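Read off the chains here:
2 protein chains.
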Amino acid sequence: MMLTEVEAALARIRQVTHHTPVMTSRTVNALTGGEVFLKCENFQRVGAFKFRGAYNAISQLSPVERRRGVIAHSSGNHAQAVALAAFLLGVKATIVMPENSSPIKMQATQGYGATIVLCGNSAADREKRTTELIEEHGYTLIHPYNDFRVIYGAGTAAYELIKEVGPLDWIFAPVGGGGLLSGTAIATKGLCPDANVIGVEPKNADDAYRSFKEGIIIPSENPRTIADGLRTSLGSNTFKIIREKVDDIITVSEKQILVAMRILWERMKLVVEPSGAVSMAGLLYGGLPLDEQKIGVIISGGNIDLNDFFTHLEKQIQDL
Amino acid sequence: MMLTEVEAALARIRQVTHHTPVMTSRTVNALTGGEVFLKCENFQRVGAFKFRGAYNAISQLSPVERRRGVIAHSSGNHAQAVALAAFLLGVKATIVMPENSSPIKMQATQGYGATIVLCGNSAADREKRTTELIEEHGYTLIHPYNDFRVIYGAGTAAYELIKEVGPLDWIFAPVGGGGLLSGTAIATKGLCPDANVIGVEPKNADDAYRSFKEGIIIPSENPRTIADGLRTSLGSNTFKIIREKVDDIITVSEKQILVAMRILWERMKLVVEPSGAVSMAGLLYGGLPLDEQKIGVIISGGNIDLNDFFTHLEKQIQDL
Chain H
17 MMLTEVEAAL ARIRQVTHHT PVMTSRTVNA LTGGEVFLKC ENFQRVGAFK
67 FRGAYNAISQ LSPVERRRGV IAHSSGNHAQ AVALAAFLLG VKATIVMPEN
117 SSPIKMQATQ GYGATIVLCG NSAADREKRT TELIEEHGYT LIHPYNDFRV
167 IYGAGTAAYE LIKEVGPLDW IFAPVGGGGL LSGTAIATKG LCPDANVIGV
217 EPKNADDAYR SFKEGIIIPS ENPRTIADGL RTSLGSNTFK IIREKVDDII
267 TVSEKQILVA MRILWERMKL VVEPSGAVSM AGLLYGGLPL DEQKIGVIIS
317 GGNIDLNDFF THLEKQIQDL
Chain F
17 MMLTEVEAAL ARIRQVTHHT PVMTSRTVNA LTGGEVFLKC ENFQRVGAFK
67 FRGAYNAISQ LSPVERRRGV IAHSSGNHAQ AVALAAFLLG VKATIVMPEN
117 SSPIKMQATQ GYGATIVLCG NSAADREKRT TELIEEHGYT LIHPYNDFRV
167 IYGAGTAAYE LIKEVGPLDW IFAPVGGGGL LSGTAIATKG LCPDANVIGV
217 EPKNADDAYR SFKEGIIIPS ENPRTIADGL RTSLGSNTFK IIREKVDDII
267 TVSEKQILVA MRILWERMKL VVEPSGAVSM AGLLYGGLPL DEQKIGVIIS
317 GGNIDLNDFF THLEKQIQDL
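Heads up: the protein sequence lines correspond to chains H and F, in order.
Numbered per the working numbering, the first sequence spans residues 17 to 336.
Numbered per the working numbering, the second sequence spans residues 17 to 336.
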């Protein structure tokens, strides 16, 4: 759990990842009283920070592991991240996806050359099918968050941010499985130990919040949040790092997530998915003393289904 | 019509405008075969390039003109641009808007401290009301595009782009009244005379295309395009500059505008309005020999009504 591991990850991924832009907004500064820097991972390859961890993990496999291939189970951004990272490294990727995954995400994952294996919609179905395939083919599992290589890779976003804008007083990151928050905490405490690292979680999927307060992992039960990337529960490794290095975890309502998202879209012209706006909601509604503080916010991704939106515009041009 | 005028404009506006980011995309490069640099004026203040020209114009008024105040007629981005520029310069602004303007745009314009005067929905109504107010109060008209100060201000976007990425082989800009295209042509031909300057216009509002081909101004008649910022006709000054410095004007269909917009939103995560995606549509569908060329594209703005989109998301969180 060292800063040097994040630096090593950055050296590994630098050539293939985007050094994503840092955006600022007068409106957001005025709303918080602070100086806010958004690290925009919606502009990352595959549209989310996930590519950083996936590439860092796969690039470290042994020649034998590479020949056998990798496997991941995900219906979201991790699927595309593993697919693209594997493709770039010449490694065969198999992605186990629930049958009810969106056709768009399946298509995108296939577009990067991965093989998709469908499974039932429960977590148990997914894990069973993945285990079977690993036993049969000897694939290496790329876990979406509980793998240290994935965590260090995720931490490179905060690392880039702080190297670019200087030491921060606060940093906000969303928390689902905890990979991004863990990596963010390692990078931030390594570069500016006095910074407050805040995890932000949907109130309707508050397993990390409750785990953090209780000191034991409490899995999420029936999480119902529009932030679909944050429905997962903490892992053993991410929980350990979070307990040690994160200052607090706060929760936000679904309504607050949408208000934050709307500011990002309408005022800042950024396409951000609900999960990616959760950190911003924590910034705006966390009730923290941010006046005259220097604040980083990780905007984690921008993958959202815009089909209905464009269908509506297509109708508009027919009616002109 | 000199480069030095654009440079003088940039010196005037530099402190208050955003030096907007230049974005690139592997997808767009692959689609064109060239190296494409998008100058993202959707990130400009008030969400569009219009602020550059408005500020450049108002900042050059005499003390007497400033005391009397400025007036503009617009239902779109120029209204907000004049309102904000006037506010920052301590000048009273009156904006004449048609009664059927969107409440959101009226609110935004009022939010910058401008006085809104409503008028009928025809161009004649608008001009009549504006003339009356000028006669009554001695306001100075800030024309949306036919004013040289507005044109030079608009040209600072292309100027910044070329200074940042180096000389271009091609540059694409949308054309409505022609202010942005004229300014872009002056800046581009001044910095890299060999570059091809291409204006892109909706086929359904092709007055500039026809005027350029015929050599006389042919006003647009009943333009029906989703690119609402490009429904206006060329002015005498913009037409003169365009004839002299623009290499070609091409047209794109409504469908092509939406496909370009969709790439900007889905792949590049940029909120861009239909008018702002027209230059991108010309890049993709213009049939020009762009292979291995270095290409600039002005993305002119990002102001679009997202009310329906967020209303839909609000319903989703209620049904979770």
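These are computed hints drawn from the structure, not numbers from a lab.
Since the model is a prediction, treat every value here as computed from it, not as a measurement.
Keep in mind that a hint or two might mislead.
When chains are identical, the list treats them as one kind, so a pair holds in a single copy or across two.
[What the hints assert, rightly or not] Calculated pairs, DSBU-like style, for lysine-lysine (alpha carbon to alpha carbon, straight line, at most 35 Å):
| id | residue 1 | residue 2 |
| --- | --- | --- |
| 1 | K331 | K108 |
| 2 | K271 | K219 |
| 3 | K331 | K121 |
| 4 | K179 | K331 |
| 5 | K108 | K271 |
| 6 | K331 | K271 |
| 7 | K219 | K121 |
| 8 | K331 | K229 |
| 9 | K108 | K256 |
| 10 | K331 | K256 |
| 11 | K331 | K261 |
| 12 | K271 | K179 |
| 13 | K219 | K144 |
| 14 | K229 | K219 |
| 15 | K229 | K108 |
| 16 | K310 | K144 |
| 17 | K261 | K121 |
| 18 | K256 | K179 |
| 19 | K144 | K179 |
| 20 | K310 | K179 |
*If you check each hint against the structure, which ones fail?*
1, 4, 5, 10, 11, 15, 16 and 19
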